[in-house]
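Enquirer: Sequences are here, hints too, so could you generate the full structure?
Residue numbers (our numbering), protein chains in the order written: chain A, 1 to 251; chain B, 1 to 239.
Among the clues, some could well be false.
As the list claims (entries may be wrong) - Okay, the calculated bits of chain B under chain A, using three or more residues with CB under 8 Å as the criterion:
1. 71-82
2. 167-179
To be verified - In silico lysine-lysine, DSS-like type, Cα no more than 30 Å apart, as pairs:
3. B/K216 - A/K116
4. B/K197 - A/K247
5. A/K116 - A/K247
Unchecked claim - Cβ pair distances, simulated, as ranges:
6. B/D109 - A/G230: 55 to 65 Å
7. B/G15 - A/G243: 37 to 47 Å
8. A/E214 - B/A214: 47 to 57 Å
9. A/E23 - B/K16: 45 to 55 Å
10. A/T246 - B/S29: 13 to 23 Å
11. A/L64 - B/D142: 41 to 51 Å
12. B/L127 - A/K116: 49 to 59 Å
13. B/T189 - A/K116: 42 to 52 Å
14. A/E206 - B/P162: 52 to 62 Å
15. B/S29 - A/G243: 43 to 53 Å
16. B/T204 - A/T246: 21 to 31 Å
17. B/A229 - A/D47: 47 to 57 Å
18. B/T89 - A/R236: 41 to 51 Å
19. B/G175 - A/P76: 41 to 51 Å
Because the hints were derived from the structure by calculation, they are not lab data.
Please read all numbers here as calculations on a predicted model, not as lab measurements.
Glycine is no exception: its CB is placed at the ideal position from the N, C-alpha and C atoms.
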Amino acid sequence: MNDITRAEVCATAVADAFKDDGEIFGSPMGIMPMLGVRLAKLTSNPDLVISDGESLFLAGVPPLFAKAEVVEGWIPFRRVFDVVAHGRRHVMMGATQIDRHGNQNISAIGDFARPKRQLLGSRGAPGNTVNNRTSYWVPRHSPRVFVERVDVVTGVGPRLAKEAGPAASTYNDIHRIVTDLAVLDVGGPDDTVRLLSTHPGVSVEEVRAATGFEVHVPTDVTTTREPTPGELMLIREVLDPRGLRTKEVST
Amino acid sequence: MSWGGADVGLLADAGKIKRLVYAFVSLDSIPLEPLFARARQDATIPEVCEWDEGMFFTGLKAASERLPFLPMRAGLGSDVLVNNPDITTITSPYGDGETFVAVPALKLDAALVHLNRADAHGNATYLGPDPYFDDLFAMAADEVYVSCEQVVDTAGLTLDTPVQRLLLSRMLVTGVVETPNGAHFTTCTPDYERDEKFQRHYATSAADPEAWSAFKQRFLSGNEAAYQAAVAAFAEEQA
Chain A
1 MNDITRAEVC ATAVADAFKD DGEIFGSPMG IMPMLGVRLA KLTSNPDLVI
51 SDGESLFLAG VPPLFAKAEV VEGWIPFRRV FDVVAHGRRH VMMGATQIDR
101 HGNQNISAIG DFARPKRQLL GSRGAPGNTV NNRTSYWVPR HSPRVFVERV
151 DVVTGVGPRL AKEAGPAAST YNDIHRIVTD LAVLDVGGPD DTVRLLSTHP
201 GVSVEEVRAA TGFEVHVPTD VTTTREPTPG ELMLIREVLD PRGLRTKEVS
251 T
Chain B
1 MSWGGADVGL LADAGKIKRL VYAFVSLDSI PLEPLFARAR QDATIPEVCE
51 WDEGMFFTGL KAASERLPFL PMRAGLGSDV LVNNPDITTI TSPYGDGETF
101 VAVPALKLDA ALVHLNRADA HGNATYLGPD PYFDDLFAMA ADEVYVSCEQ
151 VVDTAGLTLD TPVQRLLLSR MLVTGVVETP NGAHFTTCTP DYERDEKFQR
201 HYATSAADPE AWSAFKQRFL SGNEAAYQAA VAAFAEEQA
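Expert: Dropping the structure here:
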């Protein structure tokens, strides 16, 4: 099993973000998060609860976008809000921007009153980040994504949560930021973004250059682990035989 | 007020929106709604209220319960509170006196919803896996208009589907209209799924002024029957 691709390293890094979650709803937004969550359920965390991304909890672990053989529950849109408020959930969202303090933006680029580019809107990001564990997936780590200050705060980082009081900060838990270059969190000084590991073949300098603010680099930065042969088999043969992961990370 | 999709894009393009409350506007399989994006970027919607989607749900619940607000965490610390300065917070009279968002009621003059089946009195069922929020929209509104794929006898509503799917009661409903394919080009499971080809045509047309005026000419310049006929002709061309 040689020729491990970057996309496969990213998939296991996403899976590792969910390995200690126990029996909660693993809620991925997008292809790589979905691949990683399903990989986690088949390896490190079989207790994860997963859905079809629409309204069904799946008992098995089907390939990406395949139909489930067995359904174990009903999770229509309205019930997602119950789970969010209840807190037994870990969501991995995308991010058009992330800043030094771990705030995320998926709403708009530029001035909110007249944006240069209108994006999705706030979606559930404000509620997710003050209620349940939240991670981010960034397929292209660049200074355009990692900015000093996001244009619109949709996902709330730990510092803004603390400033908003205990109702906001008690359950604020920004767990991991997985990118095509590295794994990060928000454990740096003053609740800032911190580098945990760089992917095989990526230097710390490359991550620094691709980050538009001064990312905290501790002395114990490691190399992101490579997938095991078993994980590679699951990624390549079971979960993503069509190679959808390469649409997000091509190298 | 909408969980926004092409409904918002089309109304924005027609210049019919004075105030918009939303948490997202998306075509789902195509992430961004081009007409809405243009309206935002040209600032043609006078009043824009972007909320968190849980807040939107809670605002409808507050209206349905005739309450002025309901408390929740969502919004705290985010720019939702910055960009909606009229939304304030409330401190709990119990325990540690934590401060929450006081989500204002989303009171509606009218609600427009589409379901799979209804009887002539306004009792209505959804047949797909997700009821969405159509009952909440109905309870938040003074007047409720239900369009449906098929009007059936009351007895027919529960003939082949569980009673739990009866989402709307006639006491909530003002008017019923039978509009087969009336959710097109969005999904109306199990009657039909999203018309992806047509949606792509909509999205690419909407991104270009010349193509968009041709689209409007072909699909949006007549009545509903003319639209459905044009959609059928488009499907045949694409087959």
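Enquirer: Hints first: check each against the structure and report whether it holds.
Expert: Verification of the supplied hints:
{"no.": "1", "hint": "71-82", "verdict": "holds (count 10)"}
{"no.": "2", "hint": "167-179", "verdict": "violated (count 0)"}
{"no.": "3", "hint": "B/K216 - A/K116", "verdict": "holds, 26 Å"}
{"no.": "4", "hint": "B/K197 - A/K247", "verdict": "holds, 21 Å"}
{"no.": "5", "hint": "A/K116 - A/K247", "verdict": "holds, 26 Å"}
{"no.": "6", "hint": "B/D109 - A/G230: 55 to 65 Å", "verdict": "holds, 59 Å"}
{"no.": "7", "hint": "B/G15 - A/G243: 37 to 47 Å", "verdict": "holds, 45 Å"}
{"no.": "8", "hint": "A/E214 - B/A214: 47 to 57 Å", "verdict": "holds, 51 Å"}
{"no.": "9", "hint": "A/E23 - B/K16: 45 to 55 Å", "verdict": "holds, 47 Å"}
{"no.": "10", "hint": "A/T246 - B/S29: 13 to 23 Å", "verdict": "holds, 20 Å"}
{"no.": "11", "hint": "A/L64 - B/D142: 41 to 51 Å", "verdict": "holds, 44 Å"}
{"no.": "12", "hint": "B/L127 - A/K116: 49 to 59 Å", "verdict": "violated, 42 Å"}
{"no.": "13", "hint": "B/T189 - A/K116: 42 to 52 Å", "verdict": "violated, 37 Å"}
{"no.": "14", "hint": "A/E206 - B/P162: 52 to 62 Å", "verdict": "holds, 56 Å"}
{"no.": "15", "hint": "B/S29 - A/G243: 43 to 53 Å", "verdict": "violated, 20 Å"}
{"no.": "16", "hint": "B/T204 - A/T246: 21 to 31 Å", "verdict": "holds, 25 Å"}
{"no.": "17", "hint": "B/A229 - A/D47: 47 to 57 Å", "verdict": "holds, 53 Å"}
{"no.": "18", "hint": "B/T89 - A/R236: 41 to 51 Å", "verdict": "holds, 50 Å"}
{"no.": "19", "hint": "B/G175 - A/P76: 41 to 51 Å", "verdict": "violated, 26 Å"}
In summary, the structure is inconsistent with hints 2, 12, 13, 15 and 19 from the numbered list given earlier, while agreeing with the others.
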